[in-house]
Every structure is written in structure tokens, then in C-alpha cells.
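Engineer: One-letter residues, chain by chain:
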Amino acid sequence: MTGWQTLFYKEVLRFWKVGFQTVAAPVITAILYMMIFGHVLEGRVQVYETVSYTAFLLPGLVMMSVLQNAFANSSSSLIQSKIMGNLVFLLLTPLSHRAWFVAYVGSSVVRGLAVGIGVMLVTWWFAQPPFVAPLWILAFALLGAALLGALGLIAGLWAEKFDQMAAFQNFIIMPMTFLSGVFYSIHSLPDFWQRVSHLNPFFYMIDGFRYGFFGVSDVSPWLSLALVAGALAVVSAVALHLLRIGYKIRH
Amino acid sequence: MPAVSFQNVSKVYLSAHGELHALKGVSFDIEPGEFFGLLGPNGAGKTTLISVLAGLTRASTGRVLVHGKNVQTDYQAARRQLGVVPQELVFDPFFNVREALRFQSGYFGVRHNEAWIDELLEGLGLADKAGANMRQLSGGMKRRVLVAQALVHKPPVIVLDEPTAGVDVELRQTLWQFVSDLNKRQGCTVLLTTHYLEEAEALCGRIAMLRQGQVVALESTSELLRRASSNVLRFKTDQALPDDLAAVARVTGRVVQLPAHDALEVERILARARESGVLAQDIEIRKADLEDVFIDVMENAAHAQGALA
Numbered sequence: 007m008t009g010w011q012t013l014f015y016k017e018v019l020r021f022w023k024v025g026f027q028t029v030a031a032p033v034i035t036a037i038l039y040m041m042i043f044g045h046v047l048e049g050r051v052q053v054y055e056t057v058s059y060t061a062f063l064l065p066g067l068v069m070m071s072v073l074q075n076a077f078a079n080s081s082s083s084l085i086q087s088k089i090m091g092n093l094v095f096l097l098l099t100p101l102s103h104r105a106w107f108v109a110y111v112g113s114s115v116v117r118g119l120a121v122g123i124g125v126m127l128v129t130w131w132f133a134q135p136p137f138v139a140p141l142w143i144l145a146f147a148l149l150g151a152a153l154l155g156a157l158g159l160i161a162g163l164w165a166e167k168f169d170q171m172a173a174f175q176n177f178i179i180m181p182m183t184f185l186s187g188v189f190y191s192i193h194s195l196p197d198f199w200q201r202v203s204h205l206n207p208f209f210y211m212i213d214g215f216r217y218g219f220f221g222v223s224d225v226s227p228w229l230s231l232a233l234v235a236g237a238l239a240v241v242s243a244v245a246l247h248l249l250r251i252g253y254k255i256r257h
Numbered sequence: 029m030p031a032v033s034f035q036n037v038s039k040v041y042l043s044a045h046g047e048l049h050a051l052k053g054v055s056f057d058i059e060p061g062e063f064f065g066l067l068g069p070n071g072a073g074k075t076t077l078i079s080v081l082a083g084l085t086r087a088s089t090g091r092v093l094v095h096g097k098n099v100q101t102d103y104q105a106a107r108r109q110l111g112v113v114p115q116e117l118v119f120d121p122f123f124n125v126r127e128a129l130r131f132q133s134g135y136f137g138v139r140h141n142e143a144w145i146d147e148l149l150e151g152l153g154l155a156d157k158a159g160a161n162m163r164q165l166s167g168g169m170k171r172r173v174l175v176a177q178a179l180v181h182k183p184p185v186i187v188l189d190e191p192t193a194g195v196d197v198e199l200r201q202t203l204w205q206f207v208s209d210l211n212k213r214q215g216c217t218v219l220l221t222t223h224y225l226e227e228a229e230a231l232c233g234r235i236a237m238l239r240q241g242q243v244v245a246l247e248s249t250s251e252l253l254r255r256a257s258s259n260v261l262r263f264k265t266d267q268a269l270p271d272d273l274a275a276v277a278r279v280t281g282r283v284v285q286l287p288a289h290d291a292l293e294v295e296r297i298l299a300r301a302r303e304s305g306v307l308a309q310d311i312e313i314r315k316a317d318l319e320d321v322f323i324d325v326m327e328n329a330a331h332a333q334g335a336l337a
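Line by line, the protein sequences are chains A and B. Residue numbering for the first sequence is 7 to 257, as defined by my numbering. Residue numbering for the second sequence is 29 to 337, as defined by my numbering.
What the hints contain is simulated information worked out from the structure, not anything from laboratory work. All C-beta atoms in this analysis are idealised placements derived from N, C-alpha and C, irrespective of residue type, glycine included. Any given hint could turn out to be false.
[What the hints assert, rightly or not] In silico contact screen, one side only, chain A against chain B (beta carbon under 8 angstroms); selected entries:
no., residue
1, M7
2, G9
3, T12
4, L13
5, V18
6, R20
7, G25
8, K88
9, I89
10, M90
11, F95
12, L96
13, L98
14, T99
15, R256
16, H257
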């Protein structure tokens, strides 16, 4: 294997070895959401005419799990290596900043998709949404996971302590995913909050992903695709720059 | 072409307390095949210099070349030639010893490396630990893995940053046997920092001494030892030395050591001690060793730097 392939493989193996907490646990969490929200809101909330609430909820939950776990993978791997000091093994190698980026983001995508597929399989029992446009599903899953993987990379470089990382996760990532329309259509919100939601990049990832299942969405999937791809390009450029200058990892 | 070339390397750290000059224009070369020692008290800049060499830290000015490759601008070529054993006892708790070595090998793009990995495990006494998780290993075993990780891509230049700090005698023997073999048989260049001066004296052909970020001595080990031509008079006592003797003596608990060039000086010191009521016991005279030279060099440098300031 070449350098980046080795690092990619190591990063995948790292989360796979503790798959019980990195894959199984988020799948269980998603089942709980499905049971509680599906039970409480089924029949009371009708988002799209032909779609039951539980079916509407399923893609949102899948995508939320994909995004959160993609972020968790690169960020926790980096902060652990920094705090344990074993990041030095990578710093001593000839791996380029591009190799680091591809390996960390790539393994985050793999973890995000593994959790996403897991959530999809176990929630299938509750509802079976149609797969109207599978390519859209795949495109948004990949782009979204990569975007959060790259964001996790930045957070992992920036954070020096576990509580800084927890703050990033609890005050930025969690609210943005919860307020992105996983549990509701933003059309049900007051005008002001609809406009606020349009500023949330997570909204476009969830909305575009859901379009792939139902063929209906709050905004055009092309707009979502363009915005998500644009965000990925910007975040990737920042992450690559930080890796190149050795931000907080080389003095 | 030198194996390692430090050219006017400076490093300034900016902190809340102002500027800290960790390295002040360090320049010297290490030739291929040398076993080179880098000595100095804590905080002299040894680890900073090695960090600059390894690319963990960037020099503020100057440059470092490894076999002609600049560690900044041509970092990939430079790092392929370097095997660095870090000072801290770090490890990745997710993996076992063999996995750690395979990954490290892969990062350097070395494929099909199992034969060499087995040889490293054997040579460093790790063969029966290959499948053990890093967490389960003792400190000494973790240290061996660090050495194996540094050597897994067969680097021509090996850098050991205090590899024997807190290490038992057996591992020290294994380690030096292994590294000396690499140096003699395969012509690897070795750069070693250590606090154990007898180790440096036994292993290193040439030595640089650092003090407060500057090179204060750079000579072959035999040359350095010759410089300390004097013998050392060593005795034990419970009494306080007179001031004139105390000024030149090295006192460790009850043990007093004084430079004495010849028999006359030995007599003079013992007479002076007796006059002032100092009872000398267990008297012996020995050849000066690297530790004496080290202390001499550091003191002279302190005087010189004091005079300049």
C-alpha cells in the first residue's frame, strides 16, 4: 500500500475495532428517535401529501447519523492522537498534506456510510420510503459525509482539549443538525425561522438527500447540490491549508 | 556530502513572557557512518534541534539538510532518510505491535516488509510480543517498539533522543548492540542525545556539546578526553571543605572530586584538607572521564557567556 492508503486503512480499522461504540451505538440512538418521534407524531404531522411522517423521518435520521458520525470520526481520531502524543508517528513520515486529507476524510466517509446503512436497515421495519432517485441519495450522502469529515479534521486540528472538542460538537454540530429539518419540513416554520434555516448548510444536505427518496423537497435539489458542493470545496481548502502549514501540530 | 548538516539554525519561541531563544545559530555537520553524540544539560536545545531536523518544528532561521535534502523544502526526501526515536514514550492504543510496525512501514511507502519487520522484532527482543496490544506492554517494551518503528523503513540516518532514559540495563544492552550493528555493518549514521555520559563515551566517535542553544564544544571523543589531561582525586568526607578547595571541587553528598594534574598536586590538596580538619576517607585517583570534560566545558562556557553579557 502507498502512504495515503495505509493511513486510510489504519483510520478505518481504528473505528472498526471499536465498532460497538462507533457504529452500533449511533444505530441504536437512531432507532430510539424513530420509535419516539414516529410514535408521537405519526398521523399528527403530514409533511408531504403522499408521505407518512415515519417515512418522512427515515431519510432525515439516516442523513443526520451519516453527518454526525463522519464528523466524530476525523475529529476524535485527531484529538486522541494529539493528546496521546502518537500523532508524532505521522508527523515523522513523508506523508503530504493531501495524503492526510484524503485518508482522514475518506475514513470519515466510510464510517458515515456504514452508520447510515445500519440506520437504514434497522429503521426499514418502521417505514419503507421509495427510492425515487438513488443517484441523488448517493451524491448527497457522499458529499455530506465528506464535508463533515473535513470539518471534523479542522476541529481536530484546532482543539487542544477534549472539552473544546465537546463544545464544538454540542454548540455547533448538534444544533445545526437538529435544526436542519430532520424532524420537520421547514415550510411548517414561521417566516423568520424559515429564512434562518436557509442559512444552515445542513438543511440543504438533509433536503437534497430526502429528495432522492421522495422526489419532492423544500428547495430544488440542484440548488442544494451546488451549495453543498460549494461548502465542501471551501471547507476542504481550509483543511488542506491548515494541514500544509501544520496548524497546531508543527511548531 | 554530510549525512546531516545544520547550517546556522536558530529557533525563537514567542510566549507570554517574551522571546525564548532555544537555538542560537547552531552549525555543524555529521558525516555518513558516524556515531555522533549530542550532549548538553536540560534546556540546552538538544530536543529542539532534533525536532527541527525531524520536521516537527520549523527553524526560525538557517536550514538543515539530510544527505543534501532540505528538511523544509524537500521534506519528503529528507524524512525518508531519517528514522527518529522520540523521547516521549508514546503509542497508539488501538493496535498491536505488528500492526503498528506495518502501518509505519506503509506511511513511508515501503511494501512487502515482513522479513525486515520480523528481523526487527527478533533483534529488539519483541518476537513474542508481536501480537500484543500496545497497551499491554511495559514501559521498556514500548520503548523497544518505538525503536523498531523508527527503523522500519531502513533509514540511513538514525536519530535517538534520550532512548535510554528510565530504561533497564538489559534493554540498554540490547539497544546498543542493535544500533551499533546497524552503524558498523550497514554504515548507518547515528545521532544520539543522552544524559548518560559513559554511554556517549563508549559509543560516540564525535561529540557536540550544547549550552543555552549554542555549540560550546565539537570534537572527537578521544580529543575531548585528551583535553581533560588531568586526573581526578576522589575521596569521601563528612567535614566541610576549605573555601579554596570548595571552589574547584565537585561534591556529591559525601563524595568530593578534585582535578589533580600530578602527584605534587595530590599531596598539596590532601595537606590542605588535613590543615583545615577535613578527614579524607576512601581516597582514590582516577583518569578524567567525559563527565569531567562535560562539567569543565559547561563551566568555561558559562564564564565566557557571563563575560560577554
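Engineer: Are the hints correct? Go through all of them and say.
Structural biologist: Status of the hints after comparison with the structure:
1. The beta carbon of M7 (chain A) is positioned within 8 angstroms of a beta carbon in chain B (closest approach about 5 angstroms), and the interface hint is therefore held.
2. For G9 (chain A), the shortest C-beta to C-beta distance to chain B is roughly 5 angstroms, which falls under 8 angstroms, so the interface hint holds.
3. The closest approach between the C-beta of T12 (chain A) and any C-beta of chain B is roughly 3 angstroms, which is under the 8 angstroms cut-off, so the hint is satisfied.
4. Annotation: interface hint on L13 (chain A) holds; nearest CB of chain B at approximately 6 angstroms, less than 8 angstroms.
5. Because the beta carbon of V18 (chain A) sits about 11 angstroms from the nearest beta carbon in chain B, more than 8 angstroms, this interface hint is broken.
6. Evaluation of the R20 (chain A) hint against chain B yields a held restraint, the C-beta minimum of about 5 angstroms falling below 8 angstroms.
7. Hint status for G25 (chain A): violated, given a least beta-carbon distance of 12 angstroms to chain B, over 8 angstroms.
8. Interface hint at K88 (chain A): violated, since its Cβ lies 11 angstroms from the closest Cβ of chain B, which is beyond the 8 angstroms cut-off.
9. Hint status for I89 (chain A): violated, given a least beta-carbon distance of 10 angstroms to chain B, over 8 angstroms.
10. The interface hint given for M90 (chain A) holds, since its Cβ lies 6 angstroms from the closest Cβ of chain B, which is under the 8 angstroms cut-off.
11. With a least beta-carbon distance of about 6 angstroms to chain B, the hint placing F95 (chain A) at the interface is held under the 8 angstroms criterion.
12. Hint status for L96 (chain A) relative to chain B: holds, with the closest Cβ pair at about 7 angstroms, below 8 angstroms.
13. Hint status for L98 (chain A): holds, given a least beta-carbon distance of 5 angstroms to chain B, under 8 angstroms.
14. With 8 angstroms as the threshold, the beta carbon of T99 (chain A) comes within range of chain B, its nearest partner Cβ sitting at about 4 angstroms, so the hint holds.
15. A hinted interface residue such as R256 (chain A) counts as satisfied when its beta carbon comes closer than 8 angstroms to some beta carbon of chain B; here the least separation is about 6 angstroms, so the hint holds.
16. Annotation: interface hint on H257 (chain A) holds; nearest CB of chain B at approximately 4 angstroms, less than 8 angstroms.
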